[in-house]
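Sequences listed follow chains B and A, in order.
Residue 1 is where the first sequence starts when you use my numbering, and the numbers rise one by one after that.
Residue 1 is where the second sequence starts when you use my numbering, and the numbers rise one by one after that.
Hints were generated in silico from the structure; no laboratory data involved.
One thing to keep in mind: the hints can contain errors.
Claimed, not checked - Derived pair list, reagent style SDA-like, types lysine to any residue, alpha-carbon separation capped at 20 angstroms:
id : chain 1 : residue 1 : chain 2 : residue 2
1  : B       : Lys192    : A       : Gln109
2  : B       : Lys207    : A       : Glu178
3  : A       : Lys54     : A       : Ile312
4  : B       : Lys207    : A       : Pro133
5  : B       : Lys207    : A       : Val94
6  : B       : Lys207    : A       : Met129
Claimed, not checked - Which residues of chain A face chain B? A partial, calculated answer using Cβ under 7 angstroms:
id : residue
7  : Met97
8  : His116
9  : Gly126
10 : Pro133
11 : Ala134
12 : Arg156
13 : Tyr249
14 : Asn265
15 : Ala268
16 : Leu351
What the hints assert, rightly or not - In silico negatives: residues of chain A with every beta carbon more than 10 angstroms from chain B:
id : residue
17 : Ala77
18 : Val104
19 : Thr106
20 : Phe108
21 : Ala112
22 : Phe147
Think of the CB as a built atom: it goes at the ideal place given N, C-alpha and C, for glycine as much as any other residue.
Next come the chains, spelled out residue by residue.
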Amino acid sequence: MLQTPSRRHAVVSETRHLLFTVTPGAAWIIVFLVLPSIYLMAVAFMTNGPYGLPQLPLSLNSFEQLAGVGFLGWSPGNLYTLLRSLWQTVVATGLVVLVAYPIAYYITTCRARWRPIMLLLVVVPSWTNQVIRTFGWMNLLAPGTPLSNLAEMMGLISPNMGLYPSNFAVTLGLVYNFLPFMVLPLYAAFEKLDTAQVEAAQDLYAKPVRAFWHAVFPQTLPGLLAGVVLVAIPAFGMYVIPELLGGGKAMMLGNLVATQFSGGSNWPLGAAGAILMLIATFIGLFAMRRIGKRLGGGEEVVI
Amino acid sequence: MTDLTNTVNTADRAEVADTASRDRRGASSIRMQGLRKQFGRDAIALAGVDLDIKAGEFFTLLGPSGCGKTTLLRILAGLEEADDGQLTIGGKDVIDMPPHRRSVNTVFQSYALFPHLSVRDNLAFGLRMRGEPAAERNRKVAEVAEFIKLGPLVERRVDQLSGGQKQRIALARALVCEPDVLLLDEPLSALDAGLRGQLQVELQRLQKRLGMTFVFVTHDQDEAMVMSDRIAVLDSGIIQQVGTPREVYEHPANAFVARFMGHDNLFAITASEDNWVDTGLGRLQLDPAEQRDAPDGWLLIRPETLELGGNIPADYNRLEGTVEERLYRGSRIEYRLTVNDHPLTAVAGNLGQRMHDVGDRVTIGLCPEDLVRVAA
Chain B
1 MLQTPSRRHA VVSETRHLLF TVTPGAAWII VFLVLPSIYL MAVAFMTNGP
51 YGLPQLPLSL NSFEQLAGVG FLGWSPGNLY TLLRSLWQTV VATGLVVLVA
101 YPIAYYITTC RARWRPIMLL LVVVPSWTNQ VIRTFGWMNL LAPGTPLSNL
151 AEMMGLISPN MGLYPSNFAV TLGLVYNFLP FMVLPLYAAF EKLDTAQVEA
201 AQDLYAKPVR AFWHAVFPQT LPGLLAGVVL VAIPAFGMYV IPELLGGGKA
251 MMLGNLVATQ FSGGSNWPLG AAGAILMLIA TFIGLFAMRR IGKRLGGGEE
301 VVI
Chain A
1 MTDLTNTVNT ADRAEVADTA SRDRRGASSI RMQGLRKQFG RDAIALAGVD
51 LDIKAGEFFT LLGPSGCGKT TLLRILAGLE EADDGQLTIG GKDVIDMPPH
101 RRSVNTVFQS YALFPHLSVR DNLAFGLRMR GEPAAERNRK VAEVAEFIKL
151 GPLVERRVDQ LSGGQKQRIA LARALVCEPD VLLLDEPLSA LDAGLRGQLQ
201 VELQRLQKRL GMTFVFVTHD QDEAMVMSDR IAVLDSGIIQ QVGTPREVYE
251 HPANAFVARF MGHDNLFAIT ASEDNWVDTG LGRLQLDPAE QRDAPDGWLL
301 IRPETLELGG NIPADYNRLE GTVEERLYRG SRIEYRLTVN DHPLTAVAGN
351 LGQRMHDVGD RVTIGLCPED LVRVAA
């Protein structure tokens, strides 16, 4: 088909327009995401050099080390770190849900005028640097502080140990840090809650608890799943909080990776750890998607 | 003749209702006394409602939006708490009973189906919550799904269905529980006119067959008249009139009810003596039964009772008017007239007679028996 000059001109300008709009974003993604990822994967399959820098030949050494195989045979250290990361993620996410659910509901019951202010109160702390807030918790939980003394009096910790550093302090730090990421999507879900469904459930002989379970919970599920994704994935890779609140005994996968790139000086091992995190995250997302589908709804939130 | 049929019909219905209430557990009378409800500081939803609804009756709460009819329905369901007053259903005091313990089910205006559940699970919900055994539950659900002609769709999720199908599921979901009273909150308002008319008839038939007490809320007076055994007209949280559709339409208790039932021809009575009244139209003779002492209130002329031109019997009131507008509505013809500068509407059945033209002077005949005095 013969194209008229004006038509050809239109096609050219459209192409150019597309190029101008897409290129910057695409370049950004390629330079800062795709290339580093490829590099990271390549590094993971290299051998560790004398100064911690990767060298050829290619090998699976780093993955063997990650699995715990060293000079002295197998040790469970890294496996413990992985399990600790998973455990902390699950516990912290669960606690965040338990705390955020009533908060989100409570905010929707407030007068319309107060709601933005309440939401602001939830979000404002996260405007401060995470490290500074974590330092705050160190001061609150250190040995000799009122909270630690109280826990000691109740026999929860041994004398002079303090609540920090410990796994408990890490969990607390994670819950505190990620609370807004759960409250906001849950609030959005509560905001558009169809109360007629709740009334229908009551009308159809559902006692309050069952009415909640059958009419309220399914409606908030998309928000809940979105919140779980927003909390669990960053929590799994968290570095700052376990570093500061955990001491040496509460290391998580993020710390393991970070150590290899700094003090530990083993880039291939660090890269292998990062890939493990990535895989675990994808498995988590896939599982969430399945759960969301099974329970109905939520598919639109979970990628 | 019509009168007689109507009486027989009502008596018949009442008898059917009585037998039903004796035979089935699925019919209860409702008694409301002094029900009050206020929202916030000055929004009075119900200002003391006394109402008796008979077992097995199709009872309609009719009124404009904000008149309190939905609040009253929600108090019956237990979804709203009355500030004051008493409520018994089937002779049992239920005022403090939570909704899940009342043998009352509601068809919600928005249907309020559970979107994450299949049609089957929606239908089974009430039975499941009540703890009926699975076998019994499945049998009843299959039965009701067949009944509403949605048998093949029971595995679908409800968000895949049309408005009419959802409406039937909402109805079936409530009916399958076999409640003593079924509450319907404008269940037909979201449907198109054709489907609505069809469902009005179906609902009424269904109610007669089941003998269940239906309390129906609507703002549509035609719908109310077609379906109901009795109607309560509400305004500003007060019951204005309770009666059969015929009583409410032909003898409205006051000007509000008359206007709400669609009457335009209301004329202020300026003076009255014996069975004569003076209105803007002139002096008119009434039936002696309509005689009142005070010259207050309004005179109601139903547009279909006017005789235009032709042979007007001698004992009729005669008026002269001008045709201002003619609206051809197919089965009937509506004339907008002026009499002594007062607008008057007349409706004539379309029997193929000669139509009056705009600008024509016509003689209007009013039968004294068709003139009704209405309180202010």
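Consistency of the hints with the structure:
Distance hint between lysine 192/B and glutamine 109/A is fulfilled; the C-alpha atoms sit about 18 angstroms from each other, no more than 20 angstroms. As the CA atoms of lysine 207/B and glutamate 178/A are separated by approximately 19 angstroms, the hinted pair is consistent with the 20 angstroms bound. Proximity of lysine 54/A to isoleucine 312/A is assessed by CA-CA distance (about 44 angstroms); at most 20 angstroms being required, the pair is judged violated. Under the criterion of a C-alpha separation no larger than 20 angstroms, the hint pairing lysine 207/B with proline 133/A is consistent with the structure, at around 18 angstroms.
As the CA atoms of lysine 207/B and valine 94/A are separated by approximately 16 angstroms, the hinted pair is consistent with the 20 angstroms bound. A C-alpha spacing of about 8 angstroms is found between lysine 207/B and methionine 129/A, which places the hinted pair at or below 20 angstroms, so the restraint holds. Interface hint at methionine 97/A: violated, since its Cβ lies 12 angstroms from the closest Cβ of chain B, which is beyond the 7 angstroms cut-off. With a cut of 7 angstroms, the hint placing histidine 116/A at the interface with chain B holds, because the nearest CB-to-CB distance is about 3 angstroms.
Proximity of glycine 126/A to chain B holds as hinted, the smallest CB-CB distance being about 4 angstroms (cut-off 7 angstroms). Given hint, proline 133/A at the interface with chain B, is violated; its Cβ is 15 angstroms from that chain's nearest Cβ, farther than 7 angstroms. Below 7 angstroms, beta-carbon pairs count as interface contacts, and alanine 134/A has none with chain B, the closest being about 16 angstroms; its hint is therefore violated. For arginine 156/A, the shortest C-beta to C-beta distance to chain B is roughly 13 angstroms, which exceeds 7 angstroms, and the interface hint is violated.
A distance limit of 7 angstroms between C-beta atoms decides the matter here; for tyrosine 249/A the minimum to chain B is near 32 angstroms, and the interface restraint is violated. The closest approach between the C-beta of asparagine 265/A and any C-beta of chain B is roughly 40 angstroms, which is over the 7 angstroms cut-off, so the hint fails. Because the beta carbon of alanine 268/A sits about 44 angstroms from the nearest beta carbon in chain B, more than 7 angstroms, this interface hint is broken. Restraint check, leucine 351/A versus chain B: the minimum CB separation of about 48 angstroms is more than 7 angstroms; hint violated.
Not every C-beta of chain B lies more than 10 angstroms from that of alanine 77/A, the closest at about 6 angstroms, which undercuts listing it as non-interface. At roughly 8 angstroms from the closest C-beta of chain B, the C-beta of valine 104/A falls inside 10 angstroms, breaking its exclusion from the interface. With a minimum CB-CB distance of about 5 angstroms to chain B, threonine 106/A fails to clear the 10 angstroms threshold, and the non-interface call is violated. A beta-carbon of chain B is positioned within 10 angstroms of the beta-carbon of phenylalanine 108/A; the least distance is around 5 angstroms.
Chain B draws alanine 112/A into its interface by the beta-carbon criterion, the shortest separation being 4 angstroms against a cut-off of 10 angstroms. Phenylalanine 147/A, annotated as away from the interface, keeps every beta carbon of chain B farther than 10 angstroms; the closest lies near 18 angstroms.
In terms of the numbered hints stated before, the structure departs from hints 3, 7, 10, 11, 12, 13, 14, 15, 16, 17, 18, 19, 20 and 21, listed from lowest to highest.
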